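With the hints as extra help, turn the sequences into a complete structure.
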Amino acid sequence: MPKSSPDSASLLTMRGIVKQFPGVRALDGVDLDVRAGEVHCLLGQNGAGKSTLIKVLAGVHQPDEGAVVFGGRQVRLTSPTAAIRLGISTIYQELDLVDGLSVAENVYLGHEPARLGFVSQSQVNRATRELLAGLGHGEIRPTTEVGRLSPAAKQVVSMARALSYDTRLIVMDEPSAALAHDEVANLFRIIRELTAQGVAVIYISHRLEEIREIGDRVTVLKDGRTVAVGLSAKDTPTSQVVSLMTGRNVEHVFPPRPRPGSHDGRPEVLRVEGLSVPGRVSDVSLTVRAGEIVGLAGLVGAGRSEIVEAIYGARRASGRVVLNGTPVRGGNPSRAVRAGMGLAPEERKAQGLLLDQSVMRNISLSSLDRYARFGWIDRDQEASEARRQIEELGIRPPHLDRPIKNLSGGNQQKAVLARWLINGRRLLLLDEPTRGVDVGARAELYAVIRKLADEGIGVLLVSSEVPEVLGLADRVLVVREGRVIHESDARDLDEHHVLDMIMEGMPA
Amino acid sequence: MSDSSTPAVDEQAPTRTRDSMPRATTWNRLGEIPHLGLIIALVLLAVVGLVTVPGTFATASNLVSVLSLAATIGVITVGATFVIIGGGIDLSVGAVMALASVWATTLATQSFGPFVMIICALLVGTGAGLVNGLLISYGRMVPFIATLAMLVAARGLAQRMSDRKTQLIQQGNQVIVDMSTTRVLGLPVLVYIFAVVVVLGWLLLNRTTFGRRTYAVGGNPEAARLAGIDVRRHTVLLYALSGLCCGIAAVLIMARTTTGSSTHGDLYELDAIAAVIIGGTLLTGGRGTIVGSILGLLIFTVITNLFILNGLNTADQLIAKGLIIVVAVLLQRRSLTSRT
Amino acid sequence: MSDSSTPAVDEQAPTRTRDSMPRATTWNRLGEIPHLGLIIALVLLAVVGLVTVPGTFATASNLVSVLSLAATIGVITVGATFVIIGGGIDLSVGAVMALASVWATTLATQSFGPFVMIICALLVGTGAGLVNGLLISYGRMVPFIATLAMLVAARGLAQRMSDRKTQLIQQGNQVIVDMSTTRVLGLPVLVYIFAVVVVLGWLLLNRTTFGRRTYAVGGNPEAARLAGIDVRRHTVLLYALSGLCCGIAAVLIMARTTTGSSTHGDLYELDAIAAVIIGGTLLTGGRGTIVGSILGLLIFTVITNLFILNGLNTADQLIAKGLIIVVAVLLQRRSLTSRT
Amino acid sequence: TSNTPVTASSAAPQAVSAGTDNDKPGEKVVIGFSAPAADHGWIAAITKNAQEAAKQYSDVELKPVEPTNDINQQISAVESLIQAKVNVLVILPNDGEQLNQVARKAMDAGIPVVNVDRVFPDKLSYRTWIGGDNYGMGVAAGHFIGKRLKDKGVSNPVILEIQGIATLPLTQDRSKGFADALQTYGFKVTAQQDAKFTVESGTQVASNLLQAHKKIDAIWNHDDDQGIGVLAAIKEAGRSEFFMVGGAGSANAMRDIQADTGVLKATVTYSPTMAASAIKLARLIAQKKGMSDLLEQQVPQSITLTSETVTKDNAAQYLPLGFES
Ligand SMILES: Nc1ncnc2c1ncn2[C@@H]1O[C@H](COP(=O)(O)OP(=O)(O)OP(=O)(O)O)[C@@H](O)[C@H]1O
Ligand SMILES: Nc1ncnc2c1ncn2[C@@H]1O[C@H](COP(=O)(O)OP(=O)(O)OP(=O)(O)O)[C@@H](O)[C@H]1O
Ligand SMILES: O[C@@H]1[C@H](O)[C@H](O)CO[C@H]1O
Ligand SMILES: [Mg+2]
Ligand SMILES: [Mg+2]
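Chains as they are written, first to last, in our numbering: chain U, 1 to 508; chain B, 1 to 340; chain D, 1 to 340; chain X, 1 to 325.
Rather than coming from a laboratory, the hints here were simulated on the basis of the structure.
Small disclaimer: the values here were computed from a predicted structure and weren't measured.
Please note: incorrect hints may appear among the correct ones.
Computed, partial: chain B to chain D, Cβ under 10 Å [what the hints assert, rightly or not]: (1) Met150; (2) Ala195; (3) Ile325.
Where is the CB? At the ideal position from N, CA and C, for every residue including glycine.
Here is the structure:
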């Protein structure tokens, strides 16, 4: 891997960038300095301004103040096209694909090879196939409609799209959030190939171990300001990075667990028997006891979301689901909710949030009946309950009336959790609850989840990050190709072991 | 569509610091600021009225006339607001109103007296709405098509029931006609009915779980479903509500015209939807207000009233109406940042 | 709305592994499979025709008659398909067609001969479309309202220009009328024009960058913008295209009726949108096909034809039409998994 | 049609030319006028004739209100005229029954109402009615067709009827008259469709009807405006085995009849001049005068125009009264 020499001239310099949104100064004088051929990591808590900064760089937002120098020249990035022309391509955090178009059409959208406006379909497909093969995903067909792809596959398409331009700088905004472990390794391989050709990469992630593995230098943002420039990714201790990001020390990432076996006598909150979803999940049985966190480990696409959704009644399935000793009929989540379940779905924006609506309305959505009499809402009670959750979970900014779409990902995730906490659940189904959530907030979320368990709630946790499952859950089930292939106490497993099982199907 | 091509954020005033949150949002929710454009437009129209027809426009009797005119379609607009916020559309409103008016004024129905006639109109409206809702929810038909089919079928049924004749309200059932002629504190009873429907609609939308769920179902049906809302049932209820409003409107049009007829309510669907959208509700659902819809409707009604008072000819009146719509909307541009 | 309450995933064939992605999508775009329901509906209608009016329905001259009837609105439907796939809506189509027909048949225009008349119709249509597009893109008006304003204003202007009279095509300009009377290989010229518009529309949508971008702009305008597409400009072009189609349709209606009139194209907007939606295009944009729209339109035209051949009266026609729409849609339910 | 090289000038001037004492300026009269939206020739002629008649009198001020096809709006329109305290009202209602109440309200408020064309069911709702004879129109068309077919010795003829707006009572009257007259010849209507009074709808309905009936003997089309479209469809289909009768009496139809080159052989009148007459009557009523040709001191309670049959032979005579489509 090429080492960037300290004296090599900057490819990109951003100085004093300011970006103001109504009510928020998202960027308050940010500096960034990126060299050719390096992987430059951009770190910061949720809402620190990372995405906003790279959108300024991509020509999506116009900065209110500040200067950008690219390739030695001062530039004005007035539109996405302007940035693309300069050789800056971007993989956005919110996937920027058009569901109704095919993979190839998405990859070449806006720069289709065409003669007199007529697209050369075969050429587009061939080029796309090559790009995908280069990314190690030859199995994705250029003609498939993007709407039918899994989030992970969409991420790959976004990547192919970024590579389809002649580019000198690629910006990746949390590319690994939707990727499983082996996919991340593949991503790193690609990044190394790029940097070897002198392309610079700006890499954003909340997984600090990735930074250490792939990064050369680090810039840290906090509250829209640069708090550290050009740190060495390899040599700066994680604790220092974390305290730069959060302004405090995050001591214990995972909260302490109760003694092994301490759940044995507790009542079963959930019992699932012979659950099958045709073609996706076969014959899954599991139990969750009161106070227990049960983790589902597995690859993306292993069928964990289907298991959770089937339990919740959100997807047609056969088998028995028993909550607190009472069978729950499937087919409609409202029955599951009435029985005492709650779900934090995998795709927060698409499945969890009313983006246009306020934080409060998002939080109170599932508990309206609690403050309503004959359908009439007691708004004071609604507001005070929501406010309590905002304080307890540390949702920032702590405003009830803000549209939730303006909150950072981590804070949005907390709001989804808050929705169920108000309503006194017996069982929480958490599907990738920390996706896109920063270290500080993660630690807080872990603490909240453990506290809930300690209060007697059963938790079924899906996560693609093996350390998270191992660190947080009491008991772990390993899912592969729609089946549970292993079950044991979390303390009896280590990361390698689990990875072997989820990838190779090797028994414990 | 292109609205969303420009991110909303670029438009707004850029001078607050990170921590000073604006208080404006509460007000927005109350509907104060987004309706500003509509209110300005109404005021401008009033000024035009005062200037061009000073002696007539600002009289009490003209006001009553505007409100009576607005009442029928106003009631329908309330229902349409719910449906559209809930992410749907109801093209059948005018036809369902016509069918309800015809059904309620057949000789057979009339023989049971005014009370039964009213009940009949409400039931027919609600029933047609239910059918819409079931076709859409459980038949999984696109709302546009399901309610278009209802439009066509309801008009046909109304023609067939009435044998294409206008059905007069009989002498014995004049109570219904009295709604438009009897005045209480200077206003005809039907204006009060209109007001009551608006107030109840507002309360239902803003103060009840039903209203909240309507926003959720329209804003993100998948999220609503996963939050435990029975989206299908709710959808059925929304169309039934719209149908009920058509039934009420049928009673009002019976009162105003003293008849039931298959021709009543022609093109009301366009007027109602236009009022709702001018009022700031998005066709994509999840957003909107009753107050906005009613203001939108009043703008249309006052425009018509002004034309009547000024004796404009149809052609000029249509041209002017087109221009006024454009101006009114550009005035309230800020609330239209998202897509439809 | 409620369509989406059932997650789309439930609908898809649930037995593919990660590696065997479905190939169906190419076909979908080509319009082969999702149109099955429509084709079945058409076939059923044909069967009804063959059974009820055997001697008349399947004749060449009846076929020609159906195609001639479909031609005018068919051309408009092609434009409407683009606008709707692009995430918009155009309510002004009928009125713009009327305006173009009136403008092209004023005595002044007619004095320049048929060629100028045709150019005039096309320019008026395109111009009105451009105004729609500019209001929507740069004026950031909601398409529903902007094009409703255009509807109203264009009808007004057409009435004013024609002094509300029907304008006959003069003897010297019979070339235009000949399009409907002259036959080439058994078909009137206007049917060929219709076919050419459909084919060009299909090519534009499926084979050019313009078509790709239309899907992108409608499906995810933000993504389109990030990909460097000028969403606003594209939107303007879409409405201009729709306007151009209205101009072509104006020429066809002039040919068929031998007149220009402000009453032409009444309620075409509803018919065109209904055909597009029945054809499987989503009102939310981003998806749809020309072939589907044309099939949808043919269903409507054949229904009307069948009714008149069978001598049904309007009331029964309407009731039956409502029911047939419902049945046709339930038949093709599978393609309606997403929201509108 | 507005752009036909004009041979006969517009109908109204001739129609309202008069010269009795009654035309001498009298007490000033404000006449309120409300009619359906002028979206086709006949209605347009109504409005125009009313305006031109009013212009002839220095003592008449015409206050027209926005024409509309929405009942609800027409009610408001008339209400606004009552509020404006006009001296007399001339109303052509979209539907007589639906507008009855507001007309009654005007009469109760002391404003005499002159009812044109579509009649109010309640006689207390109008002072005078003037209109055409819809039933008689059907009868005239029926006799023309019946006689001609009988003369040709056709038995079991295929007779088609294309109505205007099906839901109007006047349409039903016309159809009834038509059927009754045909009955006297032992004939009946083979098929009936409605075409909404528009050219386009005329084309569509006719082209389908022509498919449905391979051999036709006669067609009665209620309205000459939509008739242009009907004729276009006939031409397009290249059919000529039958003859057609129009309705209302547009100048264009009369010219066609006179030229005798197509299928149109006659039209039965329903003249929009009635609007001009209505304005004259309204003025007289307000000025409390009678019709000078009659002995009575007051204007009569109702005046029904007869429907005349215009054929090749008398077309020249009727052309000046024909309205431009
Ligand atoms: N379009 C917008 N309108 C208003 N505020 C916005 C908008 N986009 C971002 N913000 C605000 O700007 C701030 C920075 O957001 P940004 O998305 O850049 O954070 P981030 O560092 O990328 O966070 P995360 O790690 O959660 O992705 C946040 O407070 C956010 O709420
Ligand atoms: N090969 C595939 N083809 C189509 N869709 C797929 C495929 N693999 C996965 N998906 C879709 O992607 C989503 C995630 O997959 P799934 O739920 O099976 O994985 P998971 O085990 O929950 O993984 P994770 O939650 O880590 O994404 C599901 O909606 C699924 O339908
Ligand atoms: O409105 C109708 C039609 O225009 C017809 O042609 C004449 O009678 C009128 O009442
Ligand atoms: Mg971000
Ligand atoms: Mg999953």
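Item to complete: Run the structure past the numbered hints and jot down the numbers of the failing ones, going up.
Response: Hint check: 2 fails alone, others pass.
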